[in-house]
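Trainee: Chain by chain, the residues run as shown.
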Amino acid sequence: MPPIISNKTIKLYCLTSLAKIAKVMCLAIPMRIASIEGDEAEAEVGGVVRRVSIALTPEAKVGEYVLLHTGYAIGVIDEAEAKETLKLLEEIASFSEVS
Amino acid sequence: MKFLDEYQNSELATKLAHRIANHSTKPIRLMEFCGGHTHAIMRHGIRQLVPKTVEMRAGPGCPVCVTATIDLDKAIALAWLPNVIITTFGDMMRVPGSYSSLQRAKAEGADVKVVYSTMDAVEIARENPEKSVIFIGIGFETTAPTIAASIITAQQEGIENFHVLSCLKLTPPVMKTLLDLGEVKLDGIIGPGHVSVIIGSRPYEFIPADYGVACVISGFEPLDILLCVDKLVEQIEAGQPKVEIAYRRGVKPQGNRKALELMEEVFQSDGANWRGIGIVPQSGLKIKQKYEHFDADKVFRVGLKPVREPKGCRCGDILRGVATPLECKLFGKVCTPEKPVGPCMVSSEGACAAYYQYGSPKNSERLGKLWSKL
Numbered sequence: 001m002p003p004i005i006s007n008k009t010i011k012l013y014c015l016t017s018l019a020k021i022a023k024v025m026c027l028a029i030p031m032r033i034a035s036i037e038g039d040e041a042e043a044e045v046g047g048v049v050r051r052v053s054i055a056l057t058p059e060a061k062v063g064e065y066v067l068l069h070t071g072y073a074i075g076v077i078d079e080a081e082a083k084e085t086l087k088l089l090e091e092i093a094s095f096s097e098v099s
Numbered sequence: 001m002k003f004l005d006e007y008q009n010s011e012l013a014t015k016l017a018h019r020i021a022n023h024s025t026k027p028i029r030l031m032e033f034c035g036g037h038t039h040a041i042m043r044h045g046i047r048q049l050v051p052k053t054v055e056m057r058a059g060p061g062c063p064v065c066v067t068a069t070i071d072l073d074k075a076i077a078l079a080w081l082p083n084v085i086i087t088t089f090g091d092m093m094r095v096p097g098s099y100s101s102l103q104r105a106k107a108e109g110a111d112v113k114v115v116y117s118t119m120d121a122v123e124i125a126r127e128n129p130e131k132s133v134i135f136i137g138i139g140f141e142t143t144a145p146t147i148a149a150s151i152i153t154a155q156q157e158g159i160e161n162f163h164v165l166s167c168l169k170l171t172p173p174v175m176k177t178l179l180d181l182g183e184v185k186l187d188g189i190i191g192p193g194h195v196s197v198i199i200g201s202r203p204y205e206f207i208p209a210d211y212g213v214a215c216v217i218s219g220f221e222p223l224d225i226l227l228c229v230d231k232l233v234e235q236i237e238a239g240q241p242k243v244e245i246a247y248r249r250g251v252k253p254q255g256n257r258k259a260l261e262l263m264e265e266v267f268q269s270d271g272a273n274w275r276g277i278g279i280v281p282q283s284g285l286k287i288k289q290k291y292e293h294f295d296a297d298k299v300f301r302v303g304l305k306p307v308r309e310p311k312g313c314r315c316g317d318i319l320r321g322v323a324t325p326l327e328c329k330l331f332g333k334v335c336t337p338e339k340p341v342g343p344c345m346v347s348s349e350g351a352c353a354a355y356y357q358y359g360s361p362k363n364s365e366r367l368g369k370l371w372s373k374l
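Chains as they are written, first to last, in the numbering used here: chain A, 1 to 99; chain B, 1 to 374.
Keep in mind that a hint or two might mislead.
Stated by the list, open to error - Derived SDA-like pairs (lysine to any residue); straight-line CA-CA distance at most 20 Å:
1) B:Lys252 - A:Leu88
2) A:Lys61 - B:Lys258
3) B:Lys252 - A:Ala80
4) B:Lys2 - A:Ser35
5) B:Lys258 - A:Asp39
6) B:Lys2 - A:Ala82
7) B:Lys113 - A:Ala80
8) B:Lys2 - A:Gly47
9) A:Lys83 - B:Phe3
10) B:Lys2 - A:Leu86
11) B:Lys2 - A:Glu79
12) B:Lys2 - A:Arg50
13) A:Lys87 - B:Gln8
14) B:Lys252 - A:Glu81
No wet-lab data here; the hints were simulated from the structure.
Excised from the complex, chain B in its bound form (with noise of 0.2 Å):
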């Protein structure tokens, strides 16, 4: 497929390990922010590819696995309201609450839909005049902008009855909030491809500036990411950190004019709850009062019993980036894709579920094999 399979080239990722490791001297720490580059780090082996001084650490960029407790305890106490139906990202179907998940409200008699678009949601919508329709709107920069849209349309074609659940987050706040916290060294951040497509890079400028952390923007295939740490460790080496972008045929220093304008048309920040981290100043997007008969959270009243976290779970060590899944006691014990404690077992995106999928010591081992005979 274009764009994609040129970019999974294994000579050339081996002849870029090479060189990466022809150019590391002295042992750094990486962290990817994006799940979806975690996923991608461990299904290509490419912790085993890079040299033994470029370590790399999987950072909070996973949406379903920051979301506080409370919304999501929110989000199924909005499910048992009457004449309701819940519309939802698949990832968040079988993320524990404090006492369910919407797959279990679901199981029990909620009306819950799991929907790939917001498009989809509004559709639900419009077929079901009687029915109140409320969006679960997880996401980051990347999917804000089609929330946006979603509330937009809906507004102009006069669909009353859609409702958002605002969860939806900010990249650069929280980089900022885990540089200050300082809890883990970082040399370099590997930066979202697909929220800088939307925001461009001119948003990390504070990071090389503020910070001395290099944060060069990737793509998300193998060579992508390669170039990217290639870049990092070129940077770091120099002692010449700055925001440099990887994923040139995706990112645009100035972002995309238009989905940026949607956002700010229908969003403005506020603080918001991440999982691990607590509330964030302006890490968060609240829907403005000019379009708060969609805002689910204005709307509609729910009574929340007291949050209860899961016992031993370190998900929130792990979107910190303090420690690692391997370091958790319920990690591939307890806590399996098929019985998940903690979100960030249960997400697509969610570090250990990449650990767990793709982690396992036999497999590092066959990888590493694999490729050191190229």
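Looking at chain A on its own, in the form it has when it is part of the complex (with noise of 0.2 Å):
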């Protein structure tokens, strides 16, 4: 009897799963603080919590979300610009609607 799952499948499903694993080097993922002890926090996202270094971002306040590589946040989001973005993306759409 041939098995249920091929191997063929069975490679797939690590190589895909090893991606999402894979520590990308550009990738930065937005996680929010959580709490700040010196040059260090704790960072959350989707539930998992990272103890993160904000060294580079010493200007980061619990509450904030920043973008997180490789351990460190490089970068605090601009709330008031994501929104603005959004609302930006909004529009666009609603004016190619039109169009």
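Make the complex out of the two chains shown on their own, each in a separate frame, by following the hints.
Mentor: Dropping the structure here:
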């Protein structure tokens, strides 16, 4: 009897999960600062909490979102700009509907 | 997840794509500098979503890929020195050097550890005072300040067995080199988002000023990239190329001052060897004399055998944007993620890996159909 799941499927599955956990070098993900202690902070995303360094973003405050790259917060996300961009996107979308 | 999900809205994406199609009248070629962008573009099917007039090419923005074979050979040779622990980002492990890889060296008994952060490498040095811990420092401006911070931490805490082999590279000088080479005619550049979080948008001003090429800095979600393409098309159609930021929640024109200060404190610019391009002046970062006891290049001497490049591998051409992965004869046949010939197939930011994972004709067709239904 042939195996229910082919080796190819298993290999594919392993590769995809590997790709997901791969440490992409220029990737930075938004995480929320939960607490700060000196140069270090606890940051949270989707229920996962990590200790991160805020040596590069001393201005980061609790409750703000930072971009995390290889354990370091490299920038604080500008919430006002984030909203502005979303508004712009909505505007562009509604405009293209009319045109 | 906040600041991610809202930039993945497919309804807005389709509308934005229609707008781009309405504006775009002449054929143009864009280059996404960053490997992270190549992956996002392939994964979300953005090549299928933008109009046929807009061609998108992958560029040299994959730190693992542009690391020259000789630097890789050096890292592997360092691993065989007595009492040495090599620490590296995971992406480097499987990249083939001339004769071996870090992964093979590890299997053969060398002490090679994968770390997520330079902080972990410093921690390993702290816990193993009798060993020399060498961190293989690859990356662009995004990673450079984190490595600078680790050297400063080691200095402050007196951790003298921590060393860095700096293969760090700078983005604007290599963009200039590509534009000077002129092998591939570009109308616009999708600027790297996270490099720009650090350096800001000003270092790219020469691109429109000297070369008449548009440059828009983009984030990594589908809507970010489409917004960037929209701005590029608009600029190119109007014949008014300039530097713009389409990733304003992350990038400020002046960059991250603290990170730039740390980089300035520890590093100075120097010529760097890029795979497929060669030595580019002032395009790398070396550790300043003040911190030379952390510089693995100064502290350790290794003998190297002549460099051997993999036969038939077109990583170099792909990194310069001259060829796409599909034009390489080895792609998907001899060279796969399981048995990579060149680094572009290994790295999670490599163009070949992205094309292999998402770019099969079947997948492209599926994405094309999916988008046309929306």
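Trainee: Are Lys2 of chain B and Glu79 of chain A close enough, with their CA atoms no more than 20 Å apart?
Mentor: Holds: Lys2 of chain B and Glu79 of chain A sit about 11 Å apart, inside 20 Å.
Trainee: Taking 20 Å as the top limit, are the C-alpha atoms of Lys2 of chain B and Gly47 of chain A close enough?
Mentor: Roughly 12 Å separates the two Cα atoms, so the pair holds.
Trainee: Are the Cα atoms of Lys87 of chain A and Gln8 of chain B separated by 20 Å or less?
Mentor: Holds: Lys87 of chain A and Gln8 of chain B sit about 14 Å apart, inside 20 Å.
Trainee: Does the structure keep Lys2 of chain B and Ala82 of chain A at a Cα separation of 20 Å or less?
Mentor: holds (10 Å)
Trainee: Is it true that the CA of Lys258 of chain B sits at most 20 Å from the CA of Asp39 of chain A?
Mentor: Cα-Cα ~13 Å, so holds.
Trainee: If you draw a straight line from the CA of Lys2 of chain B to the CA of Leu86 of chain A, is it 20 Å or shorter?
Mentor: holds (12 Å)
Trainee: Are Lys83 of chain A and Phe3 of chain B close enough, with their CA atoms no more than 20 Å apart?
Mentor: holds (10 Å)
Trainee: Given the hinted pair Lys252 of chain B and Leu88 of chain A, is their Cα-Cα distance within 20 Å?
Mentor: It holds: about 18 Å lies between the C-alpha atoms, which stays within 20 Å.
Trainee: Lys252 of chain B and Ala80 of chain A were given as a pair; does the straight-line alpha-carbon distance stay at or below 20 Å?
Mentor: Answer holds: Lys252 of chain B to Ala80 of chain A is near 13 Å, not above 20 Å.
Trainee: Hey, Lys252 of chain B versus Glu81 of chain A, does the alpha-carbon distance stay inside 20 Å?
Mentor: holds (10 Å)
Trainee: Sort out whether Ala80 of chain A lies within 20 Å of Lys113 of chain B, counting only the CA atoms.
Mentor: violated (41 Å)
Trainee: Taken at face value, is the distance from the CA of Ser35 of chain A to the CA of Lys2 of chain B at most 20 Å?
Mentor: Distance of about 18 Å is within 20 Å: holds.
When held up to the earlier numbered hints, the structure conflicts with hint 7 and nothing else.
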